[in-house]
Amino acid sequence: SAVISQKPSRDICQRGTSLTIQCQVDSQVTMMFWYRQQPGQSLTLIATANQGSEATYESGFVIDKFPISRPNLTFSTLTVSNMSPEDSSIYLCSVDFQGGGYTFGSGTRLTVV
Amino acid sequence: QKEVEQNSGPLSVPEGAIASLNCTYSDRGSQSFFWYRQYSGKSPELIMFIYSNGDKEDGRFTAQLNKASQYVSLLIRDSQPSDSATYLCAVNFDRGSTLGRLYFGRGTQLTVWP
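As they're listed, the protein sequences go chains A and B.
In this text, residue positions in the first sequence follow the numbering used here: the first is 47, and each later residue adds one.
In this text, residue positions in the second sequence follow the numbering used here: the first is 3, and each later residue adds one.
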């Protein structure tokens, strides 16, 4: 399976600001997935990032709020823009490397104050 | 509608018992199903996955699919206290597509007591 490095691991941000989360994979993958896990909840898919095309967003998530970049086959970023306390969550990236099952990064714990 | 339902529990079993976790899904045509374990404060860890063509056993874990009733189960034999975690069921609803998105249930909290 692929190894995913995600950073930052945690951050405390002021409302109204933005945070960019980075996800680096040790292998080339076609799709990278971004999830949000709110306190005590399960994982909600935000968007799918495919290299060379616009990300595909799930219902309830928009590009202006969660812009995503995918410059190459091993890297992606998710930005949480104009943050409010409701954005306080754990954000995770995930990949499926060669059909071996989806693995997750270690997550970014975001607190908005 | 992409729905994955799990009983949130908590499910409590004694050490050495069989823990049975279940998950139902909304799309009869779904073809791949995943079980994850998540310890508190950690990211999900893949236990195993199965396709619509059969069940799978891996050590103490068995994943079974009932397509007619649209549910998938995870059996943990000889449960250990270290198995205490939240178990997440995920389904790939993207039939015939390369997107391969996973949708998760709410998870079932399992406690194995010594």
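Among the hints, erroneous ones may be present.
[To be verified] List time: in silico DSS-like cross-link candidates among lysine-lysine, alpha-carbon distance up to 30 Å:
{"id": "1", "chain 1": "B", "residue 1": "Lys58", "chain 2": "A", "residue 2": "Lys111"}
{"id": "2", "chain 1": "B", "residue 1": "Lys58", "chain 2": "B", "residue 2": "Lys44"}
{"id": "3", "chain 1": "B", "residue 1": "Lys44", "chain 2": "A", "residue 2": "Lys53"}
{"id": "4", "chain 1": "B", "residue 1": "Lys4", "chain 2": "B", "residue 2": "Lys69"}
{"id": "5", "chain 1": "B", "residue 1": "Lys44", "chain 2": "A", "residue 2": "Lys111"}
Worth flagging that the hints you see were computed from the coordinates, not collected in a lab.
Hints, one by one, checked against the model:
1. Restraint check: the Cα-Cα separation between Lys58 of chain B and Lys111 of chain A comes to about 40 Å, which exceeds 30 Å; the hinted pair is violated.
2. Distance check on the hinted pair: Lys58 of chain B and Lys44 of chain B sit about 26 Å apart at the alpha-carbon level, within 30 Å; holds.
3. Distance check on the hinted pair: Lys44 of chain B and Lys53 of chain A sit about 14 Å apart at the alpha-carbon level, within 30 Å; holds.
4. Between the alpha carbons of Lys4 of chain B and Lys69 of chain B the distance comes to roughly 16 Å, so the proposed pair stays at or under 30 Å and holds.
5. Taken as a hint, the Lys44 of chain B and Lys111 of chain A pair is honoured in the structure, with Cα atoms around 26 Å apart against an allowance of 30 Å.
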